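S.K.: Next come the chains, spelled out residue by residue.
There are 2 protein chains.
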Amino acid sequence: MTGVTARRRGRPPRAESADTRDRILTAAREEFSERGYEKTSVRGIAKAAGVDPALVHHYFGTKEQVFEASIEVAFAPALNAPEAVADGPPDQVGERLARFIFGVWENPTTRKPLLAIVRSAVNNDTAAAVFRRLVASQLLRRIAAQLDLPDAELRAELAAAQLVGCAMLRYVIKVEPLASADLEQIIARVAPVVQGHLTGP
Amino acid sequence: MTGVTARRRGRPPRAESADTRDRILTAAREEFSERGYEKTSVRGIAKAAGVDPALVHHYFGTKEQVFEASIEVAFAPALNAPEAVADGPPDQVGERLARFIFGVWENPTTRKPLLAIVRSAVNNDTAAAVFRRLVASQLLRRIAAQLDLPDAELRAELAAAQLVGCAMLRYVIKVEPLASADLEQIIARVAPVVQGHLTGP
Numbered sequence: 001m002t003g004v005t006a007r008r009r010g011r012p013p014r015a016e017s018a019d020t021r022d023r024i025l026t027a028a029r030e031e032f033s034e035r036g037y038e039k040t041s042v043r044g045i046a047k048a049a050g051v052d053p054a055l056v057h058h059y060f061g062t063k064e065q066v067f068e069a070s071i072e073v074a075f076a077p078a079l080n081a082p083e084a085v086a087d088g089p090p091d092q093v094g095e096r097l098a099r100f101i102f103g104v105w106e107n108p109t110t111r112k113p114l115l116a117i118v119r120s121a122v123n124n125d126t127a128a129a130v131f132r133r134l135v136a137s138q139l140l141r142r143i144a145a146q147l148d149l150p151d152a153e154l155r156a157e158l159a160a161a162q163l164v165g166c167a168m169l170r171y172v173i174k175v176e177p178l179a180s181a182d183l184e185q186i187i188a189r190v191a192p193v194v195q196g197h198l199t200g201p
Numbered sequence: 001m002t003g004v005t006a007r008r009r010g011r012p013p014r015a016e017s018a019d020t021r022d023r024i025l026t027a028a029r030e031e032f033s034e035r036g037y038e039k040t041s042v043r044g045i046a047k048a049a050g051v052d053p054a055l056v057h058h059y060f061g062t063k064e065q066v067f068e069a070s071i072e073v074a075f076a077p078a079l080n081a082p083e084a085v086a087d088g089p090p091d092q093v094g095e096r097l098a099r100f101i102f103g104v105w106e107n108p109t110t111r112k113p114l115l116a117i118v119r120s121a122v123n124n125d126t127a128a129a130v131f132r133r134l135v136a137s138q139l140l141r142r143i144a145a146q147l148d149l150p151d152a153e154l155r156a157e158l159a160a161a162q163l164v165g166c167a168m169l170r171y172v173i174k175v176e177p178l179a180s181a182d183l184e185q186i187i188a189r190v191a192p193v194v195q196g197h198l199t200g201p
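Protein chains in written order, with the UniProt record's numbering: chain A, 1 to 201; chain B, 1 to 201.
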């Protein structure tokens, strides 16, 4: 780790560069998860990654840009969702989207960064803007684009609202009986709603 | 203000006592709104109210209890919701609940404390527990009780999830086009979903 710090003025070799970048992103994700957007600093991320803060700025720019990059990595699987969700019978698109979103939340590996994003976006306007750009624009608009309906974006957002609300009450606030309810039972009730928003009259 | 501080050891006269209590609650709501649960302290609330911290403890107890009391005040109108929502044709209960929830969010006076509660509940487990006790138990269970169906609580929570998700995307994250969409258009799409969760097959 000190090797990287000592060599930061020169251009790092390509392999080490990718490695350092990954290490900064991992540290950033941990810091944002634990402290939230506001309390996280570039200095703190650098310290956790064992590099000089200048290197964080060199690779990513501002704190907002590090946040966006760390979300992009966490969201990489989700950004393939529009294709995965689109792929199949149109009358089951609601169920596919519901399964996809619950799948991300049920998996502890993806739940943690997602929780960090939600917490940051709820608390901080800059983080909310990043959330809007990535999740709303990239995820929802792409799903909407495949619907090919005039009010597709609003449809996608209302469908997302049902799933976001379920995630909030089940995984974040942990309201019972929803928090412990059988996932298949929830999907059976929620999928038709999502389908209705997306393709209903 | 210093009068209250100076007299804190004696029992305050009844009228002043109610006044001081209100002032502490107002200060608490402001502090929790601005800083969130974690960063708010009893000392900070006392300072904002112009009283001794001992007086805050005297009236309310711990920080968690001050938080709960300040939420209870903010939620007093919402806690009448079950009756208001129940009062009318059963096949329009979904629309009444949707109008009630959006009404609270559209009103800047009630939106601010609500936003503070949501922010605190998302960020802090103690605040989430208070949110569960008040909102979930008092509000959702009472709506559920009026449904008189075996899975009424889960129904009420899934209905709430649609509305919570809409509030998150429209008022907190401010995703477009949902954030600027006409409220009646949203209610027209969301009310049948809420109705379906509450009383559907």
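In short, the hints are calculated from the structure, not lab data.
This one's a predicted model, so the numbers in the text were calculated from it and none came from an experiment.
Check the hints yourself; a few may be wrong.
All copies of an identical chain are treated as equivalent in the list; a pair is satisfied when it fits inside any one copy or across any two copies.
Below, a list of computed lysine-lysine pairs in the BS3-like style, where the Cα atoms sit at most 30 angstroms apart [what the hints assert, rightly or not]:
| # | residue 1 | residue 2 |
| --- | --- | --- |
| 1 | Lys174 | Lys47 |
| 2 | Lys39 | Lys174 |
| 3 | Lys112 | Lys47 |
| 4 | Lys112 | Lys39 |
| 5 | Lys112 | Lys174 |
S.K.: All hints, please: hold or fail.
M.R.: Taking the hints in turn, this is what the structure says about them:
1. Lys174 / Lys47: Intra 33 angstroms, inter 33 angstroms, cutoff 30 angstroms: neither.
2. Lys39 / Lys174: For Lys39 and Lys174, the Cα distance is within 30 angstroms both inside one copy (25 angstroms) and across copies (22 angstroms).
3. Lys112 / Lys47: within (21 angstroms within a copy, 36 angstroms between copies)
4. Lys112 / Lys39: Both: 17 angstroms inside a chain and 22 angstroms across chains, each within 30 angstroms.
5. Lys112 / Lys174: both (15 angstroms within a copy, 23 angstroms between copies)
The structure is inconsistent with hint 1 alone, although it conforms to all the rest.
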